[in-house]
Amino acid sequence: MNLLEIKNLKMDFGSGADALRAVDGVSLTIGTGETVCLVGESGCGKTVTALSIGKLVPTPPANSVGGEIRLNGRDVLKMSNAELRSIRGGVVSYVFQEPGASLNPVFRVGNQIKESLKLHKPEKATNEEVIRLLKLVGIPAPESRIKNYPFEMSGGMQQRVMIAMALASEPKLLVADEPTTALDVTIQAQILELLSELKQRLGMAILLITHNLGIVGDMADRVAVMYAGQIVELSPAKELLRRPLHPYTRALMASVPKLHGDADRLSAIPGNVPRIGNFPPGCRFAPRCPIAKPECSAQIPELVEVEAGRFVRCPFWK
Amino acid sequence: MNATTPIQNSIAEQPLSPWQLFWRRLKQRRIAMVGGVILILLYLVALFAGFVAPYSYDRQDRDRFFHPPTWPRLSGFRLVIPRYEQLPGDFNYRAVPADTRPVHWFVRGDEYKLFGLIPATIHLFGTGDERYPVYLLGTDQFGRDVLSRLLSGSQISLSIGIIGILLSFTLGMIIGGISGYFSGWTDTLIMRLCELIMSIPALYLIISLRATFPPGMSSAQLYAMIIIILSFIGWASMARVIRGMTLSLREQQFVLAARALGQTHLKVIVRHILPNTFSYVIVAATLSVPYYILGEVVLSFLGVGIQEPNASWGNMLTAAQNTEYLRNYPWLLAPGAAIFITVLAFNFLGDGLRDAADTKAL
Numbered sequence: 001m002n003l004l005e006i007k008n009l010k011m012d013f014g015s016g017a018d019a020l021r022a023v024d025g026v027s028l029t030i031g032t033g034e035t036v037c038l039v040g041e042s043g044c045g046k047t048v049t050a051l052s053i054g055k056l057v058p059t060p061p062a063n064s065v066g067g068e069i070r071l072n073g074r075d076v077l078k079m080s081n082a083e084l085r086s087i088r089g090g091v092v093s094y095v096f097q098e099p100g101a102s103l104n105p106v107f108r109v110g111n112q113i114k115e116s117l118k119l120h121k122p123e124k125a126t127n128e129e130v131i132r133l134l135k136l137v138g139i140p141a142p143e144s145r146i147k148n149y150p151f152e153m154s155g156g157m158q159q160r161v162m163i164a165m166a167l168a169s170e171p172k173l174l175v176a177d178e179p180t181t182a183l184d185v186t187i188q189a190q191i192l193e194l195l196s197e198l199k200q201r202l203g204m205a206i207l208l209i210t211h212n213l214g215i216v217g218d219m220a221d222r223v224a225v226m227y228a229g230q231i232v233e234l235s236p237a238k239e240l241l242r243r244p245l246h247p248y249t250r251a252l253m254a255s256v257p258k259l260h261g262d263a264d265r266l267s268a269i270p271g272n273v274p275r276i277g278n279f280p281p282g283c284r285f286a287p288r289c290p291i292a293k294p295e296c297s298a299q300i301p302e303l304v305e306v307e308a309g310r311f312v313r314c315p316f317w318k
Numbered sequence: 001m002n003a004t005t006p007i008q009n010s011i012a013e014q015p016l017s018p019w020q021l022f023w024r025r026l027k028q029r030r031i032a033m034v035g036g037v038i039l040i041l042l043y044l045v046a047l048f049a050g051f052v053a054p055y056s057y058d059r060q061d062r063d064r065f066f067h068p069p070t071w072p073r074l075s076g077f078r079l080v081i082p083r084y085e086q087l088p089g090d091f092n093y094r095a096v097p098a099d100t101r102p103v104h105w106f107v108r109g110d111e112y113k114l115f116g117l118i119p120a121t122i123h124l125f126g127t128g129d130e131r132y133p134v135y136l137l138g139t140d141q142f143g144r145d146v147l148s149r150l151l152s153g154s155q156i157s158l159s160i161g162i163i164g165i166l167l168s169f170t171l172g173m174i175i176g177g178i179s180g181y182f183s184g185w186t187d188t189l190i191m192r193l194c195e196l197i198m199s200i201p202a203l204y205l206i207i208s209l210r211a212t213f214p215p216g217m218s219s220a221q222l223y224a225m226i227i228i229i230l231s232f233i234g235w236a237s238m239a240r241v242i243r244g245m246t247l248s249l250r251e252q253q254f255v256l257a258a259r260a261l262g263q264t265h266l267k268v269i270v271r272h273i274l275p276n277t278f279s280y281v282i283v284a285a286t287l288s289v290p291y292y293i294l295g296e297v298v299l300s301f302l303g304v305g306i307q308e309p310n311a312s313w314g315n316m317l318t319a320a321q322n323t324e325y326l327r328n329y330p331w332l333l334a335p336g337a338a339i340f341i342t343v344l345a346f347n348f349l350g351d352g353l354r355d356a357a358d359t360k361a362l
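Taken in sequence, the protein lines are chains D and P. According to this note's numbering, the first sequence holds residues 1 to 318 in order. According to this note's numbering, the second sequence holds residues 1 to 362 in order.
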């Protein structure tokens with residue numbers, strides 16, 4: 001049994017005729033100790049998918065209209081509020097994009113970490129445990145740092161505190177929603193290194209959301225590429241990077257600037273991401289696809305396993 | 001000397017907390033500090049009112065109605081009080097200069113209860129002789145010492161402000177927090193209720209609410225009633241502001257982060273959203289205390305608040321509403337001066353707190 005099994009998840013925003021489907025039939029599994037990257041452009045449904053795992057998307061306006069999310073074998077979407085509270089932080093923890101905004105500005109960081117401990121490990125809610133966690137995430141002089149307010153820390157340190165909070169209850173799955181986007185490149189590398197080190201040491205699974213393909217190669221075991229609310233390619237990371245199959249993935253890879261070679265114009269995918277609620281019929285990437293054929297617009301292609309462990313939502317991937 | 005010592009020191013040194021910074025900015029505002037010191041003195045005196053007051057609040061001196069203030073004079077090395085004799089006519093008094101008694105500290109006098117609990121008879125000052133009374137602020141139409149009544153009334157008037165604020169702001173914060181956090185129909189319901197309360201003129205609301213309580217209540221019940229009435233009116237405006245702040249705070253990522261840790265809705269509101277409104281709330285509370293003090297004054301002035309013989313600043317002023325009294329016995333206006341000073345001190349302090357809390361002003 002996998003740690004997390006998302007099956008055909010569908011999320012609407014709004015209801016009735018005005019409903020906008022942000023996530024349309026996403027299926028994804030994460031095994032114990034596995035790192036899966038969710039890649040895609042802004043607004044393609046990555047964050048909504050990730051927040052759904054803890055049923056954290058606010059309802060209303062959101063509305064789950066189908067599918068199931070099995071965490072440890074139990075469907076999150078059918079859980080009571082009390083059960084949800086125990087899995088949030090207990091089984092699945094979150095680290096968000098803006099570390100500065102994720103910490104409450106009026107409390108000392110030590111107390112915020114302690115709050116996380118009180119919720120899931122009340123017997124360990126002590127200063128010693130907080131200091132141990134801060135040491136674990138590599139904060140120097142944690143004894144004095146626990147008395148800091150968030151604004152007294154740098155962005156990288158704030159993100160380390162967030163990771164310490166997320167780790168406090170020893171979750172099975174850490175969902176990191178663009179954890180490094182707000183940080184500069186050197187800090188970004190440090191945080192990612194910290195994450196993979198902690199993963200090795202604690203044996204937890206990570207769902208890493210990013211729009212940075214550079215991170216994927218360092219971190220991921222498997223990669224899911226999302227486009228317009230659907231997964232278009234799901235593949236082991238190394239193979240995906242070596243040989244992307246879906247035309248969208250290929251286009252994404254082509255638009256990563258090269259370190260070597262002549263500095264030409266940055267290559268971009270022509271056109272824009274379709275707006276939610278205004279998706280083209282058939283394959284959603286077809287209007288921008290270099291290899292599109294007339295039949296692409298007839299119906300949405302299925303996500304098919306074309307090689308061992310490699311799934312592609314395009315019949316013309318060859 | 002170890003070379004690493006300075007570095008370790010700089011790590012060990014704690015930066016100033018937001019409260020310390022706040023206090024430092026507040027200290028720079030002299031008027032606010034003056035207001036604060038006056039308030040501390042007023043509340044200290046109110047706390048020990050029975051001891052500071054020379055007489056009991058309901059002690060009547062039937063020989064001396066409308067007695068003017070008597071101030072001790074310095075004679076040699078001690079303060080003395082002259083004897084006053086009544087002249088023919090309406091309440092005319094004249095000091096007899098040669099006939100004096102010294103003012104003593106810590107004299108035995110009327111019985112009172114310190115903090116409402118401990119029976120005591122020692123007063124801060126007095127002559128200990130009924131023929132030589134010390135009426136620093138004169139007496140009223142029943143021959144009661146105005147200063148003693150003023151001090152006794154300060155216990156009611158000053159505490160009503162604080163307790164009323166605590167009650168109405170707690171209510172307003174929790175209700176406003178719930179309203180803003182959950183939004184939707186909860187929000188609509190609560191906000192329309194607030195508007196209903198705020199749309200009725202306060203004075204009519206106060207009087208009609210008073211009518212819902214039975215007549216002939218004890219003074220403790222009346223006191224509780226005034227607080228309940230004033231808080232019932234006061235929470236609505238607080239709830240509106242807190243609701244607005246919550247609407248923006250709930251979109252902050254730390255709220256989502258707290259939810260993602262498995263925190264309950266109520267605790268997210270109370271522990272994460274409301275503390276972020278404190279800098280506003282403290283300022284608003286300080287600036288609102290005067291309204292509660294004045295609310296008690298209005299109720300008691302209208303005769304529906306604290307009842308005689310118990311003293312409050314409001315019902316003491318009732319005696320001063322007659323122009324003839326005002327012309328002849330102006331010391332009856334002393335509670336007005338007390339209200340003026342208290343309200344002004346609260347406003348000075350509140351303004352200073354607001355400036356100190358507003359970090360952008362620096």
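What the hints contain is simulated information worked out from the structure, not anything from laboratory work. Because the structure is a prediction, the values reported are computed rather than measured. In this text, a Cβ means the ideal position worked out from N, Cα and C, and glycines have one as well. Be a bit skeptical, because a hint or two may be false.
Stated by the list, open to error - Facing chain D, from chain P, some residues (calculated, C-beta under 10 Å): (1) G184; (2) T186; (3) T188; (4) Q253; (5) V255; (6) R259; (7) A260; (8) P275.
Claimed, not checked - If you only want the chain D side, here are some residues facing chain P, beta carbon under 7 Å, derived: (9) G25; (10) S27; (11) R85; (12) R88; (13) L213.
What the hints assert, rightly or not - Each computed DSS-like pair below joins lysine-lysine, with the alpha-carbon atoms no more than 27 Å apart: (14) K78(D) x K267(P); (15) K147(D) x K113(P); (16) K172(D) x K124(D); (17) K172(D) x K267(P); (18) K147(D) x K27(P).
Practice task
Below or equal to 27 Å on CA atoms is what counts here, so check K147(D) against K113(P).
Solution key: 45 Å, violated
Handout entry: Hinted pair K78(D) and K267(P), Cα distance within 27 Å
Key = 23 Å, holds
Practice task
Assess, step by step, whether the Cα of K172(D) is no farther than 27 Å from the Cα of K124(D), and give holds or violated.
Solution key: Between K172(D) and K124(D) the Cα gap is close to 18 Å, so the pair holds against 27 Å.
Practice task
Go through the hint on G25(D) and say holds or violated, using the shortest Cβ distance to chain P against 7 Å.
Solution key: 25 Å, violated
Practice task
Tell me if T188(P) is really an interface residue toward chain D, meaning its C-beta lies closer than 10 Å to one of theirs.
Solution key: Violated, because the Cβ-Cβ distance from T188(P) to chain D comes to roughly 14 Å (cut-off 10 Å).
Handout entry: Minimum beta-carbon distance criterion (10 Å), V255(P) to chain D
Key = 9 Å, holds
Problem - Interface restraint verdict for S27(D) against chain P (beta-carbon cut-off 7 Å) - result: 23 Å, violated
Practice task
Could you grab the alpha-carbon distance between K147(D) and K27(P) and see if it respects the 27 Å cut-off?
Solution key: At roughly 24 Å apart (the allowed maximum being 27 Å), K27(P) and K147(D) satisfy the hint.
Practice task
Grab the minimum C-beta distance from L213(D) to chain P and call the hint holds if it beats 7 Å, violated otherwise.
Solution key: Given a least distance of 25 Å, the restraint on L213(D) is violated.
Exercise for the section: For the hint on Q253(P), just tell me whether its beta-carbon gets within less than 10 Å of chain D. Expected result: 4 Å, holds
Problem - Hinted contact P275(P) with chain D - closest CB pair below 10 Å - result: 5 Å, holds
Practice task
Mind checking the CB of R259(P) against every CB in chain D and telling me if the closest is under 10 Å?
Solution key: Nearest chain D Cβ about 6 Å off; hint holds.
Checked against the numbered hints above, the structure violates hints 2, 3, 9, 10, 13, 15; every other hint is satisfied.
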